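Undergrad: Please work from the sequences and hints to get the whole structure.
Protein chains in written order, with the working numbering: chain X, 1 to 156; chain Z, 1 to 156.
For the record, the hints were derived by calculation from the structure and aren't laboratory data.
Since the structure is predicted, the reported quantities are computational estimates derived from the model, not experimental observations.
Treat the hints with care, since some could be wrong.
[Claimed, not checked] Covered by chain Z, according to a simulated footprint, are these stretches of chain X (three or more residues, beta-carbon under 8 Å):
(1) 28-41
(2) 61-68
(3) 91-103
(4) 108-122
(5) 147-153
Every residue, glycine too, gets a C-beta built ideally from N, C-alpha and C.
Number of protein chains: 2
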Amino acid sequence: MNHDALLREAIQLSMEKMLAGEGGPFGAVVARGGEIVGRGWNQVTSSLDPTAHAEIVAIREACRRLGSFSLEGCEIYSSCEPCPMCLAAIHWARLDRIHYAATRDDAAAAGFDDSRLYDQLVLPPAARELPMVQSLRDEALPAMDAWRAKADRVEY
Amino acid sequence: MNHDALLREAIQLSMEKMLAGEGGPFGAVVARGGEIVGRGWNQVTSSLDPTAHAEIVAIREACRRLGSFSLEGCEIYSSCEPCPMCLAAIHWARLDRIHYAATRDDAAAAGFDDSRLYDQLVLPPAARELPMVQSLRDEALPAMDAWRAKADRVEY
Numbered sequence: 001m002n003h004d005a006l007l008r009e010a011i012q013l014s015m016e017k018m019l020a021g022e023g024g025p026f027g028a029v030v031a032r033g034g035e036i037v038g039r040g041w042n043q044v045t046s047s048l049d050p051t052a053h054a055e056i057v058a059i060r061e062a063c064r065r066l067g068s069f070s071l072e073g074c075e076i077y078s079s080c081e082p083c084p085m086c087l088a089a090i091h092w093a094r095l096d097r098i099h100y101a102a103t104r105d106d107a108a109a110a111g112f113d114d115s116r117l118y119d120q121l122v123l124p125p126a127a128r129e130l131p132m133v134q135s136l137r138d139e140a141l142p143a144m145d146a147w148r149a150k151a152d153r154v155e156y
Numbered sequence: 001m002n003h004d005a006l007l008r009e010a011i012q013l014s015m016e017k018m019l020a021g022e023g024g025p026f027g028a029v030v031a032r033g034g035e036i037v038g039r040g041w042n043q044v045t046s047s048l049d050p051t052a053h054a055e056i057v058a059i060r061e062a063c064r065r066l067g068s069f070s071l072e073g074c075e076i077y078s079s080c081e082p083c084p085m086c087l088a089a090i091h092w093a094r095l096d097r098i099h100y101a102a103t104r105d106d107a108a109a110a111g112f113d114d115s116r117l118y119d120q121l122v123l124p125p126a127a128r129e130l131p132m133v134q135s136l137r138d139e140a141l142p143a144m145d146a147w148r149a150k151a152d153r154v155e156y
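TA: Put into structure tokens, the structure is as follows:
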């Protein structure tokens with residue numbers, strides 16, 4: 001499948017699964033060499049999981065299918081520009097490239113918080129709407145040190 | 001349990017589960033009124049899931065246990081400042097407050113990408129390291145319109 005066909009598959013999922021009551025109007029596919037290895041659609045309200053965005057679901061399925069926590073060599077196709085959670089997940093999954101159709105502003109116009117979230121993330125922690133409180137840093141550092149000292153650690 | 005005790009529980013998970021080979025040195029708990037409703041630790045390499053960060057795992061468990069996609073009224077305690085993926089997930093989960101111990105710089109010093117990711121997210125899509133390609137926007141908008149027109153949609 002070429003890029004357009006893969007993006008259309010994501011768009012089709014965004015409509016079909018939303019109409020079926022699975023969640024918001026978002027679909028995504030992960031592909032390697034033009035072959036789909038993971039499909040996802042928003043399932044926040046149907047699976048009672050606020051992290052079950054289309055891209056996250058597609059990434060998790062692709063990783064299960066490929067037996068790896070890295071999707072290097074794969075690309076993701078999303079019906080809409082990924083929200084910050086999904087964009088960061090795409091980084092962590094080491095995907096090569098993102099293809100998307102609608103934008104964060106289109107999502108905002110449909111009632112989703114993506115655009116506001118992007119604005120919040122650039123603020124320093126103390127300036128964000130969501131209160132963030134730091135303490136006990138000294139007690140958390142030994143785990144970081146132990147990680148660096150762990151000879152058999154699997155990096156990711 | 002008070003705030004310090006809850007944060008210490010997250011810190012203990014960060015050490016214990018990392019030493020057990022589950023993944024990176026990160027732990028988190030979600031609590032409501034001082035009672036733990038979800039526990040999480042990094043399981044990226046053990047579960048082959050790049051999205052299985054401590055906070056995401058804790059949020060998913062709390063939602064399962066409470067039977068809701070909203071964690072309004074709950075707070076999250078993380079052994080380390082959340083990465084952008086987890087921070088956005090915390091927003092989507094409607095958590096009231098974040099308590100954390102180590103910082104993004106501590107994570108960076110231990111070899112994790114969090115800090116670079118925060119830098120990337122503030123850039124416009126075209127300026128990011130990860131290539132982003134937009135197309136077919138017109139084909140994606142009907143699903144957004146259909147969502148707005150859906151009388152029985154469940155908002156989240």
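Undergrad: It remains to establish, for every hint, whether it holds in the given structure.
TA: Status of each hint after checking the structure:
no.: 1; hint: 28-41; verdict: violated (count 0)
no.: 2; hint: 61-68; verdict: holds (count 4)
no.: 3; hint: 91-103; verdict: holds (count 13)
no.: 4; hint: 108-122; verdict: holds (count 9)
no.: 5; hint: 147-153; verdict: holds (count 4)
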